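Asker: In order, the protein sequences belong to chains A and B. Going by full-length UniProt numbering, the first sequence runs without a break in its numbering and finishes at 182. Going by full-length UniProt numbering, the second sequence runs without a break in its numbering and finishes at 182.
Hints were generated in silico from the structure; no laboratory data involved. Among the hints, a few may not be true.
The calculated lysine to aspartate or glutamate pairs, modelled on EDC-like cross-linking and capped at a C-alpha distance of 16 Å, are [as the list claims (entries may be wrong)]:
#	chain 1	residue 1	chain 2	residue 2
1	A	K6	A	E25
2	A	K6	B	E27
3	A	K6	A	E27
4	A	K6	B	E68
5	B	K6	B	E23
6	B	K6	A	E23
7	B	K6	B	E25
8	B	K6	A	E140
9	B	K6	B	E27
10	A	K6	A	E23
In this text the structure is predicted, and so the values were computed from the model without any measurement.
Protein chains: 2
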Amino acid sequence: MRQPPKILARHLVARSRLFRVEEVELEFANGARRRYERIPGGRDSVLIVPLLDPDTLLLIREYGAGSERYELGFPKGVVEPDEEPLAAANRELQEEIGYGAGRLRIIARLSLVPGYIQHRSLIVLAQDLYPSRLPGDEPEPIEVVPWCLSELGALLQREDFDEARAIAALFLTQRLLAEERG
Amino acid sequence: MRQPPKILARHLVARSRLFRVEEVELEFANGARRRYERIPGGRDSVLIVPLLDPDTLLLIREYGAGSERYELGFPKGVVEPDEEPLAAANRELQEEIGYGAGRLRIIARLSLVPGYIQHRSLIVLAQDLYPSRLPGDEPEPIEVVPWCLSELGALLQREDFDEARAIAALFLTQRLLAEERG
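Taking the hints into account, I'd like the entire structure generated from these sequences.
Answerer: In structure tokens, the structure reads:
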């Protein structure tokens with residue numbers, strides 16, 4: 001395994017309410033130096049794959065402020081301070097789709113943009129759903145869209161289902177369920 | 001389909017060499033108003049899945065300035081101004097792994113963090129590889145790691161292969177190749 005580069009300097013170069021950007025100066029094992037900008041840490045997020053029954057996903061349609069359009073995807077949110085990730089997942093489920101889950105498990109921990117952003121997101125599979133609603137901070141009611149897992153091909157064709165993390169979560173879920181069926 | 005929210009205001013709130021952060025004030029169709037921070041546009045990137053033969057992927061191991069560790073993943077880079085995406089993919093391949101590709105095709109266009117970041121990344125499948133090297137701006141030689149597609153499970157188990165976009169690209173490639181085999 002390679003020796004990680006030495007961090008020669010680290011400066012905050014920009015900051016807003018949500019984002020911090022730092023510049024790091026690195027010296028690689030071969031002596032090469034580079035400056036990179038990165039968005040450090042912050043809290044983990046969760047993305048939840050809710051299974052209503054063994055063949056039915058519950059997707060949501062909500063506005064993405066980054067993409068500036070309505071996106072089909074999975075419920076998600078940030079893990080609050082002092083909150084367990086699975087509790088955060090169950091809270092987001094109840095806020096966004098009106099279900100709680102009797103069974104929750106982390107099936108992956110994914111980076112989103114490892115070249116620039118430190119943030120990681122936990123993929124949580126939620127089963128044994130029961131109706132339960134918590135008030136959330138959504139600006140408008142979130143549309144819930146049931147989708148058959150057997151119709152995966154049609155979902156992947158949709159232009160509004162294009163988030164890398166959601167596609168990874170979908171395939172990882174399908175693979176896990178296939179393994180469990182044996 | 002829902003009416004997209006009206007953009008009431010848009011301000012630049014932070015800026016660095018690489019990143020711009022803007023605040024948008026939105027009014028949703030139901031009258032609710034929210035302020036969001038987002039990282040607008042910029043150029044597309046490409047992530048390339050290089051297939052040396054029908055069962056062998058070429059992965060790379062390189063340092064991620066965001067994650068601050070060495071990551072196993074696919075070659076990638078930014079599409080330069082006036083550059084075609086497939087030309088960018090072929091350039092990055094030659095810079096990062098020392099191969100060009102006789103056949104390149106875009107198999108997906110993915111968002112990475114649609115809630116906050118507008119950027120999209122093209123997933124390019126590269127086949128008919130031939131040895132060819134172009135000088136790149138990498139700080140150190142990139143380690144190339146051949147991996148059997150049939151060993152997908154072992155790859156997904158690795159802690160250093162955790163980028164959502166790479167995992168999505170891997171499954172989309174596997175699915176496409178299975179369809180083509182019929």
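Asker: Next, verify each hint and record whether it holds.
Answerer: Going through the hints against the structure:
The suggested pairing of A/K6 with A/E25 holds, with an alpha-carbon distance near 8 Å, which does not exceed 16 Å. The hinted pair formed by A/K6 and B/E27 fails the criterion: a straight-line CA distance of about 47 Å is larger than 16 Å. Note on A/K6 and A/E27: the hinted pairing holds, with a Cα-Cα distance of about 5 Å set against a maximum of 16 Å. With a C-alpha separation of about 11 Å, the suggested pair A/K6 and B/E68 falls inside the 16 Å cut-off, and the hint holds.
Of the pairs offered as hints, the one joining B/K6 and B/E23 holds, with about 14 Å between alpha carbons and a cut-off of 16 Å not exceeded. Between B/K6 and A/E23 the CA atoms are separated by roughly 35 Å; this puts the pair beyond 16 Å, and the hint is violated. Among the hinted pairs, B/K6 with B/E25 is consistent with the structure: their alpha-carbon atoms are about 8 Å apart, no more than 16 Å. Taking the CA atoms of B/K6 and A/E140, the gap is about 14 Å. The hint holds against a cut of 16 Å.
Of the supplied pair hints, the one linking B/K6 and B/E27 holds, its CA atoms being roughly 5 Å apart against a limit of 16 Å. The straight-line distance between the Cα atoms of A/K6 and A/E23 is roughly 14 Å, inside the 16 Å bound, and the hint therefore holds.
In this structure, the earlier hints numbered 2 and 6 are contradicted, and the remaining ones agree with it.
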